[in-house]
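Chemist: When you get a sec, could you build the whole thing from the sequences and use the hints?
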Amino acid sequence: MKVVVCCKRVPPTDARIKVASDGSGIDEEGVQFVLNPYDEFAVEEAVKLKEAGKAEEVIVVGVGPADTAAVLKNALAMGADRAVLVKDDAGYRDPLSIARALADAIGAEEGVGLVLCGRQSVDQQSLAVGPMLATIAGMGCVMDVVKVEVGDGTASVHREAEGRSEDIEVKLPAVLTAQRGLNEPRYAKLKEILKAKKKPFAEREFDFGEPRATIEKLSPPPERQAGKIVGDGPGAVPELVKLLRDEAKVL
Amino acid sequence: MADTKVLVFCEVQRGRFKKGSLEALSEAKRIVGKAGGGSVVAVAVGNGVGDIAGELKAYGPDRVIVCAPDWLEGYNGEAHGRIVAEIAKSEAPTAILVTATLDGKDLAPRVAAALGVTIATDCTAIDSDGDGRLSVVRPVYAGKAYATIKIADTPQVVSLRPNSVPVAEAEGAAAVETVEPSFGAGDLRYTVKAVNAAKTEKADLTEADRVVSGGRGLKGPEHFSILEELAETIGATVGASRAVVDAGWRPHADQIGQTGKTIAPTLYLGFGISGAIQHLAGMSTSKCIVAVNKDPEAPIFKAADYGIVGDLFEVVPALTEELKKLQADG
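Heads up: the sequence lines are chains A and B, in that order.
In case it helps, the working numbering puts the first sequence at residues 1 to 251.
In case it helps, the working numbering puts the second sequence at residues 1001 to 1330.
Incorrect hints may have been included.
Away from chain B, derived, C-beta distances all over 10 Å, residues of chain A [stated by the list, open to error]:
1) A108
2) D144
3) G151
4) E205
5) R245
Simulated restraints on C-beta separations [stated by the list, open to error]:
6) B:F1183 / A:A20: 28 to 34 Å
7) A:D152 / B:E1091: 51 to 57 Å
8) A:K18 / B:S1090: 58 to 64 Å
9) B:A1194 / A:D152: 16 to 22 Å
10) B:G1037 / A:T214: 35 to 41 Å
Each computed DSSO-like pair below joins lysine-lysine, with the alpha-carbon atoms no more than 30 Å apart [as the list claims (entries may be wrong)]:
11) B:K1261 / B:K1287
12) B:K1324 / A:K242
13) B:K1150 / A:K242
Rather than coming from a laboratory, the hints here were simulated on the basis of the structure.
A virtual CB, placed ideally from N, CA and C, is assigned to each residue, including glycine.
Modeler: In structure tokens form, the structure reads like this:
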């Protein structure tokens, strides 16, 4: 079977985010976009499946502006076989539209047994594209998986939920979203980076239609009032408790 | 507008409705109120939920719809998603609200996609107009920016971050109606084979009202016991920084931050956490932040409402004692 991995370009998690002065988006100047950290887990898992002989081909698919190509090439350097970029220059695209574009690209491939996504992108952090894509494509979907074993026509997965974990059996084809703990993504070796440049890279178009949701405004987070240092060491504890009770009224 | 109709999925865990779902119900009442009329429909799904569905009436839904097939024990995203989508198709609401717990985050996109509409997830505020059209605020880039979003699709599907809006009791005349799904367990693409539930009555991290969190300053996994004792004293849930999770001191599930859980408790107490930008991203919507760190320059003090500079191994036991004393005094 083929395994598709959905990839997005995002600002690194330690990047300072500056809202553009017109409030329409972020100021991208100087931002070094990277492959979404959760997508790295997904790519790693797909490549491991190929190395274990469970997958014939690993295809990475991304939706985004032209420079999404760079993170798709990172995924190729990690061991994926080819990349497909669905070009989209909209600054903001809602989760359903992205899921539709991905489903369209995946639908053009034959023999896809598994689609892996990061559980969320660290920019929009919707946690929605994976399950939406599955619903559109008519596939089962398990979110937040930390262990995957591909069998014959099914996959056994372990997922982390809130206050519990679950063992799940899902029919293939299916969409799985990768949670931290699934694996340790590899660093691409120089030789692989060079090889990645020669791997097949295709571009697709998708008709997104009218926007389904729009960002009216992007604002910096509300300023927190400067806090106060109550004091030093355990001697400050009685005063802290008093403040929490009488001033903050949280006890 | 009188045809404003808000459907609220009410999540059940361990035989009780989640507080976040009651928050969503309360928000739905406010949306309908602002629209000058309309209705709120509460939906509960799963075997046995009929027994507790009456509890929802205290939050003022106009109707309560229960779907409780005996084969649906616990949460199954596919089954729950299909059932809620079926109910939504027949009810044709103008908006659907879900609490953004992990199960809510799993469910809502499935429902929205089945209805062919988009979603705004993990919102911290909802504003609405006289036509029941929503304008929602959601933290993006891990809280480094806030996006105000308008959804053009109908229904407007929104998940609401727990602890973001107050719960309000309201009059409700709702009778409980029961519906059946159009499909059975055999039609599902996935089956939950085993559930390993945490043996705790504690609130889940994402919706806990109080959180006690530890970082590298704890120096080792064994020292978390002092935080657990403090948490026990005030009924808090224990969380951790990424450094601590990466070191294997605490499970992934406890991690707060950009690549962990996002929390918004009333009270957050952080000990031995320097306050990396990724950690702050996960807890900066907490209402009151207390930080204890021996480094006065630790960035977490900039985010904190109250700070103590000092050795957490001295401060934590003193704090636990002081809080016990406070409770004893009533």
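Chemist: Work down the list of hints and note, for each, if the structure agrees.
Modeler: To see whether the hints hold, each was checked on the structure:
{"no.": "1", "hint": "A108", "in the structure": "holds, 19 Å"}
{"no.": "2", "hint": "D144", "in the structure": "violated, 7 Å"}
{"no.": "3", "hint": "G151", "in the structure": "holds, 13 Å"}
{"no.": "4", "hint": "E205", "in the structure": "holds, 20 Å"}
{"no.": "5", "hint": "R245", "in the structure": "violated, 7 Å"}
{"no.": "6", "hint": "B:F1183 / A:A20: 28 to 34 Å", "in the structure": "violated, 47 Å"}
{"no.": "7", "hint": "A:D152 / B:E1091: 51 to 57 Å", "in the structure": "violated, 41 Å"}
{"no.": "8", "hint": "A:K18 / B:S1090: 58 to 64 Å", "in the structure": "violated, 46 Å"}
{"no.": "9", "hint": "B:A1194 / A:D152: 16 to 22 Å", "in the structure": "holds, 20 Å"}
{"no.": "10", "hint": "B:G1037 / A:T214: 35 to 41 Å", "in the structure": "violated, 27 Å"}
{"no.": "11", "hint": "B:K1261 / B:K1287", "in the structure": "holds, 16 Å"}
{"no.": "12", "hint": "B:K1324 / A:K242", "in the structure": "holds, 13 Å"}
{"no.": "13", "hint": "B:K1150 / A:K242", "in the structure": "violated, 42 Å"}
When each numbered hint is compared with the structure, violations occur for hints 2, 5, 6, 7, 8, 10 and 13.
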